[in-house]
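Taking the hints as your guide, dock the two standalone chains into a single complex.
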Amino acid sequence: MASTSPLRFVLNDADLELTLTPDGSDPKLGRGCAGGTSVLDFVRRELRLTGTKEGCKEGDCGACTVLVGELDDGGRVRYLPVTSCLMPLAEVAGRHLVTIEGLDMGQANTVQRRIVEAGASQCGFCTPGIVVSLVAQLMDSSELESDADADCVDRSLSGHLCRCTGYRSLRDAAAASFCDLRGRQGVPRLVNAGELPEHFLGIAERLQALQAPPAEMNLDRPVVAGGTDLYVQQGEELPTREVTALRTLLPHRPELRGVRVEGGRISIGALTSFEDLAQSEVLRKRIPTITEFMHLVASWQLRNRATVGGNLINASPIGDVTILMLALGAEAVLEGQGEARVLPLRDLYKGYKVLDLRPGEILTGLSFRDVEATEFVDFEKVSKRRTLDIATVNTAARLHLRDGLIHQACLAAGGVAPIPLLLRRTSEIVRGRPIDRETLSLAVAEAQSEISPISDVRGSAGTKRLLVRNLLIAHFAKAAGMEPSDFFLPNAA
Amino acid sequence: MDHLDAEAHTRGRSRYVDDEPRPAGLLQAAVVPSPVAHGEIRSLDLTAVRDYAGVVAVLTAEDIPGSNQIGSVLPDEPLLSTGEVHYIGQPIALVVAEDFHAARHAVARARLDIDERPVVVDPKEAFERGHLIADPQSVHMGDVDAAWAQCDVVVEGEATISGQEHVYLETQRARALPEENGAIRVLSSTQSPYVGQRTIAGILGVPLHQIEVDVRRLGGGFGGKEDQATPWACFAALAAHHTGRPVEIVLSRAEDLLMTGKRHAYRSDYKIGVTRDGRILALDVRHFQNSGAACDLSLAVLGRTLFHTTNSYFIPNVRVWGAPCRTNIPPATAFRGFGGPQGMFAVESALTHAAEALGIDREELQRRNLLRSSDSFPYGQNAATVRIRRCWEELDEGFDLEATRQQVEEWNDRHPAVKKGYAVMPVTFGISFTATFLNQASALLHVYTDGSVSLSTGGVEMGQGLFSNLAVVASRALGIEPTRVRVESTNTRRIANMSASAASSTTLLNGNATLRAATPLRERLLTHAGERLGSDPSLLTIENEQLLCDGEPTGWDWPKLVKSAYLHRVSLSAHGFYATPEIHYDEARGRGHPFAYHVCGAALVEVTVDGLRGSYEIDRVRLVHDLGRPLNRRVDLGQVEGGLAQGLGWMTVEDLRYDETGRNLSAALATYKVPDVYLMPRDLEVRFIEEPDTEAGPYHAKAVGEPPLMYGLGVVFALRRALRAFGRDGQLPFVAPMTPEQVLLQLQGDDDPSRLVSKSLGTRVPVPAEAVSS
Ligand SMILES: Cc1cc2nc3c(=O)[nH]c(=O)nc-3n(C[C@@H](O)[C@@H](O)[C@H](O)COP(=O)(O)OP(=O)(O)OC[C@H]3O[C@@H](n4cnc5c(N)ncnc54)[C@H](O)[C@@H]3O)c2cc1C
Ligand code: FES
Ligand code: FES
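Top line first, the protein sequences correspond to chains P and C. If you count by the working numbering, then the first sequence holds residues 1 to 493, one letter each, in order. If you count by the working numbering, then the second sequence holds residues 494 to 1267, one letter each, in order.
Extracted from the complex, chain C is given alone in its bound form (with noise of 0.2 Å):
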């Protein structure tokens, strides 16, 4: 089934927030952003502001008539400073105005005056001076000081991954509509209703009932739309309260990179001990978590870090700790993956550098060391659902891996300016969120007399296609056709307090709830048409839209059903709810069983350097994906790849960088860059594992939108497979990104820029003593 939305999208029809028709007097808004790191506001003179032509209110902390506070798992986070700043480009103050070029020329002629502060940017800076959003967290198994003693090689070293900008291509935006009796009305580019629903609430200081959130769809989320879409829409929400107008905020590509949280970076130490036979013995490692300014989702995200950071592999004896360190950038927050991968590529070059001191092959470690069903996670949960090793299989066989090597060797003997290098990738990731409560969804599922359907879940349509997996759920369930099923806008009004769409779970918890609606909703007609056909009810059945009776044709469709309940006063309405069984976790023990299940897979990245250039070409990904019973398997696969590239970005050119005063370097797509078609290989090879293992999804399906982001991580070992091919031997940094530049100075650092003499790139040829110059 094609993606629901599809044509439209290509027809430029599909209308998102700032799309719909204006309503009249509607207002655009702006904010005024620190353009400090640290400091406290010793004045603020708004006058040339509120004097600017057409700005029609300008609001500041005092004019929040709730709390002023949008954290939405600590209250650390005000919606408008109250006399300090955090980052730049915190909010200090709300511009509303009659168009956009008011409020944003207006925005300029804010006058600060700030007592500026140290500013830390460095995570491990940020714990020294005791700067924690909360106490540091861990999960440990074994007894790893005791394991040091039984292995052959131990190991340590530093793992630095940078951040992510998610660069949604729709920015962030909502528009806030007026109604009666003080309620609002606001159309938000939200992962998370319900969180922008509870926040505008509580900053207007009104029951939750009075404000409707309401998403039709997201040109983008990956986790950057989860926490952070609510500040804009409390603004839109804000605005609209004291102006009694319509209002829409949509933040330009320039603010939006400025002002949004992204992925988190870390630094994270490791400490590794493997026996000469190649097990892993023990596992240590202390994440120093780069939390931004305030909490935002970071403790969630690193509880995935600790759950993550021995990847696929089972390690008798671990220690894994990390500490959120609480810095002067803008808040971190979801991504999808959500410190997963940070935590696997903790342990992937911790792997890694055991490998190249023992001097076996990466892949052979990881191999050995992969988990098998009976293994259990550090977490205490066990590993019943894990099929990594299957995967391995699959990709070591289905894709030759030995041939690979092969390939690459033979090229590397014969060009000594030009490295190949591969690696292999596997992913074991934990399906459901860490927090246990969230994993709960409503859906309201409304048949009308005509036979067509109305479905409302709490999840959200951001390309990942989530509708058409929804329709697909609930007309399987009915036994009618897709096109039937409407799938209605999220709607705080129609599903009340869902989570976000995160966690790769959105399918599974809203396509669950769907069944649950779905299932009764035909249970009941068909006793009806039991009644009316004098037939035993548990014998009906319907397919392709005609009722069955034992398998034969009863006369009977789908609208003639309908309208025979309808008429009969039987319910065409149903609500369906589902909470995830069997997951829990306690944090105090650091034990539980936090995952409905895993999804499993592998990668082969193999690239091509260019080593007088430090550019280089990923040639090839190849991978096996372990996808349960797809229920769309086109859409699985957009997200494969989709995810994979967004991997394959970061560990390669996405270059977030900060400098010493909080300044992001990157905050332009200019010099932000993403990957554009060239960067992603033409050979790319998706093989999916297709067997129902697991009962948690709907009809059996996979959670299939972060993993595969993980896979990406390999072009990271590959790269350094290649550098070791020019003869780099000796320490060599384990640094994400893998920029081009990352990559010279990696293979010529320690070269002097005038002189051709090289360690990587001189000929290996004796040369004669003549022909040395200078």
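One chain only, chain P, in its complex shape (with noise of 0.2 Å):
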């Protein structure tokens, strides 16, 4: 990407056209903006649109939520509600962004109206994002199940920290603006119901004419998928240097995103995000509870944006995917110069941080032999808050069981190891024997010669050791249909 192109996009109701400041530059005083430039700076310190709050640039408190819409497929825009900290401006490009200015209709709308009426905003500072994803949870035009769908509203404030009311009130808010708008979901009759801007109307036209063409990749600067983890890691440094968006790629290799069925393998394009997978039709249909597996992952704001290709380069030892992945078998997909090499994932990690990744690669995606009927893939996790958290320590089963036997095995843990960690000895101790007690006690007592964890503050290496063991326990409960505490013997003490 030539530095000198400018980028061009829709925020709120205007056109802008941005140059950036050229690549290495050094930080200078009065620049513009350069790529790497996260949306929150640029629209709270450049344009002193000071609706969106900055509470802790990590991810972890929304108070910088903003909408980014985008165009479909079907040419139509679709609107996801992002944490703004940890976008690159460079993403921006041929996209609308939404602050909460943008949302204005000079008056309170339902949501807003709402949180007032459940005084559901004391401070004051959570509320700007809140209402932003509020009405990006009404923009979505599928329909809400019930009037107030519990679940559906917790996942609406999931990656909203509010120091203030302890939530109950905006529960009842976000449940009460839902209801109020019943039917009336989706951009458009948002719009004829008074509740968006008019300008929405109009930004599918406006996006299509901003297309530009494919940008030139440069793998000399920062690569950003989806930016969860690089933001959190280089936060101080990537405000003032160009980045390589990955996702600006989209729109000329559409396979670098969704899960497809190819010859008897999933595969899974690398900058497919967290959110697409827990909606993935092709995954809900052979892991039921694919859907359930991710809530436990980030927040909906960070899964609008974390990518898998991201959680498998990233390397933690601790990442969600990675270790359902670990699990599943997958082989990696990599590209480089023109070049692709695929390398299964578990050779991928080669020790703390440190993969078998060759200058100039990326990944490009993954891919793992289709479920069959009599499989059972799990995952489990256990961190200190049950959700938006790290894990202590994740695992993750891939059973097929044949005949009261365990047919094949693929095991994996996470935060137990240097490494997203494959449990080659344990899952090949178990194979060919049935899900009993003895089994496990094999499996348990193997896992824990396989596993090196180490005490942090997630947890102490003796927790993590129990974790093991008993997740190990959980998985083989499931596939049973058995209690877990079937499997324990009471102390002989």
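It cannot be assumed that every hint is accurate.
When the alpha-carbon atoms are kept at most 25 Å apart in a straight line, the in silico SDA-like pairs for lysine to any residue are as follows [stated by the list, open to error]:
hint, chain 1, residue 1, chain 2, residue 2
1, C, 1252, P, 483
2, P, 478, C, 1103
3, P, 478, C, 906
4, P, 478, C, 1245
It should be emphasised that the hints constitute simulated quantities derived from the structure, not laboratory data.
In structure tokens, the structure reads:
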């Protein structure tokens, strides 16, 4: 991407065109913005749209939530709430960026009125972000299932911390607004109902006019997929740099996103978001609990951003999707200088955050053998806070049960080694055996010899060892339809 | 009435300090923090910082024209280090630059050579080494030593409670604007504008009238912006003083977590004696407060701990002692509850221990020892305003405690791997600043000729709904609509010497001050109207904006009344002053009447524990809270629920930890977890007792800010009951927070993780021998 090529997008009701500073420029004063500048800094510091708040710059609080609208295959604009603190400005190209100011009707809309009435805004610092997420929920035209679909309410609040209210009033406000606007979801209907500004109707055409030619990929710059890890790690440096935003490739390489069945294998594009995984019909059919698993991962806004590829390349020993993919036996597809190679995922990890990734290579996707009806895929995650938290230990299992025996097994555990760990020997040892206490005894003993957890703020080494034992029991109990306690013997003492 | 600011909040139009339009030439400041927890600075090389593009000034202790001191109670805390450092994150130098990135990048270039000294993070260790902030304090009643002999069961142990990070969503920030003649106007996110003003004046060596501090609103405070907001305001002012330009300082979340003080952690040794029939005869508690590296508000916090170590119980023989221990972590500070919950945690732990030893139900032991209004507190104040028995009964009957007990037991009989628990948490919390002189407030009221009203008080709006409450108070006193009243920013030029907005007393003090301003103003207007109408002023009233005589319309409305008063040169402004009557306390004797009144309530907390994973759900919280006569029920409910959430968070997932080098291990929101929506139970019911029984608050309203936080403590004991249901007998430590890890370790810490053998999860049915493998 030539650094002088302008960045064109729609912000609220305005068409913007920015020229970003050249690559590698020294942090000088009074400079404009770099492609790596976060959307949050851009709207707050440069444009002084101060309704969007900064509470953490780590994706954890949701105060910075904005909407990003992009054209879907059908030429309609689909809006998702994201945390603007972790999103590079470079990525808004060709999209519609909406801040709280861009939702303003000159008076309170239903969501805003309900929040006021419920007393759900105290200090107010979290409030604009929450309004954005609740409006985003309403812009999604899928019907809400019931008047106060409690899960939907909680999901829409899942990425927001409010330190003042204790959430009850927020839940009530969300439920009441969803109820009020039932049957009027979706952008056109909301506009008609006076809930969204008129200009939302013409956005698709405006975005169409902005679609840019394929950008050249410069892998010397920091590569950003969802940015949800990179911006947390390098939040001080990136804002003054140019970055390569992989998502800008999507219009030209659609295969990088999505879940597909291809020749007896399931393949997943590297830029598939966590929320895409959660909603994937292909996966749901095979792993009915996938949506549930994914809701234990991050928050709605984060899942809209964080990608499968980012999770894998991030090489965190505790990455949730990585652990699941390890257990599924996935292979990674890497591409560099026009060449592609395929590598079993387990061989990608060489040491703590050390990967078998060559310079100039990116991950384009992964694939695994299709899941058969007789197979059982399971995921377990234990964290301090059940939701929006990194696991203390996570484990996943793919078990093929046949004639009461474990025909095939693939078990993986996170947070217990310098790398996301495939429990090879444990998987081996249970093969061909029935699911019973004896098999499980062998498995838990073997697993202990494969793991090497260390104590940290997420848990002591001892805790992690206990959790590995217990989560293996959980997988087996679920696979066998038994109670976990059935596998235990009381202490001899 | 809705929260006055709420609509603006929802539309993103409310302005916080750095949302205000930027004045030309605004600079950004950042501090160079100490990288070590204790040491002496051998050398400090700031050349690379100064040379960094965009840096305008780099200031150290030597650049402070006045006194380098920010301690508001004891002078033991420099604004900028003078050669020693006492905690990681302690400010060493101030960098002022043209923009935010330059300031941050420059800070990273400071070169420090520090001679490291031994680090102490544990309060007991600090005590043993004699590292105290001040002398220990104590409160006692009866004869504890003689009472043990009369007890049937005496148990002792330790209760350990961690600190808590405030996580106000808006981090610390201030903007200083130089004015003519060396005056400086400071926009500060502070709960304590006057302390900010006083400290800045001290730092700059100028009279207080040179410094104006203005506070429109806070994005949350919770005590964390009482004394802890001061240094940031000082930095902005100091930089503005040196550069002559406006300067802003906004902490990143990472800086805020690293540098600012938090709630005090305590280790408390208890000994409790009870009779077989369930009477608590004696309690002896020794608190070791982790005060951090400087005094801050620790002594007042400790005082409140001592006052609340008997919580809601009458115990005839009590000795409570506490030592403020100096350690190498950021100076611990105010946080909603202000030491009260740590005192309560100690007695609730002791009581639970005693109940377990006695073999009676914990709630039974609690109930039998609840305060009666004829009782006294150990510090001498009578319990006349205490209604804890009433609250308990409402909870017991209204929410059917017995049914809960049965449901939990039935569940536990049927589920070997998942157990439920419940606990009742009664709360009796004293209202007032424990430092008597702080219990004063002023209000300034102007009525303009169109009938609109401007009200200033010393109270700060931080989300607690103060401004809405004040608008209600003023409008009721004047007989007009609340919408006529504009509550102004809190400003040291309009209100002098205000106390901090804290101690749940803000509405009480400032509401009463407002009444003291509004009432004489109304009388003046009525006297004037009486003269004009030729009627007896004592028959005149203003109701719904109409002037009535003996209840009949006079044809005058509020605007007409105001206009007439103006034309006849009657003053339309008033100043009100309020000092809480009756309160006093003699620290040396440990006796007095430190509180205007007490707020009571009781909560029933229910949990479900997953024995395999250690994780748990808070299923349900039901509580009864004594509100007096609320000014604004919805605002009060928000305070109750928000306080509860903070208490539940602190007791469960908010895991504030320092390692032995004084490093904060949870200095990011990725590791320091506060409640999210899923953590809070969907099943939450709050019942209010609404009866005026105190004259203290304006219109009989009771304070509501702090007490509800302490309901959260119940979750620890509910979890403990669930652990017991797993068959865990013997000693279990009293620890907060009860993180899932803590729960798992208390359940299975002695299991061998390579074997399928467990004391708590083992099936209790006999198993055939051959099935026992390995
Ligand atoms: C608030 C919060 C909560 C979170 N919760 C969870 C959780 O519950 N579970 C969990 O597992 N994780 C969690 N995370 C971590 C989350 O950041 C990662 O899991 C996420 O998958 C990273 O994806 P990304 O697309 O955002 O990666 P990015 O941040 O964009 O990139 C991460 C790294 O991978 C590289 N990279 C990305 N894509 C490619 C590619 N296709 N080819 C080559 N290199 C690439 C980048 O250069 C970078 O070095 C959380 C993060 C946050 C901020
Ligand atoms: S600022 Fe907290 S999530 Fe972005
Ligand atoms: S209202 Fe203060 S954080 Fe939500």
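Results for each hint:
{"no.": "1", "hint": "C:1252 / P:483", "verdict": "holds, 16 Å"}
{"no.": "2", "hint": "P:478 / C:1103", "verdict": "holds, 15 Å"}
{"no.": "3", "hint": "P:478 / C:906", "verdict": "holds, 22 Å"}
{"no.": "4", "hint": "P:478 / C:1245", "verdict": "holds, 23 Å"}
Of the numbered hints given earlier, the model fails none.
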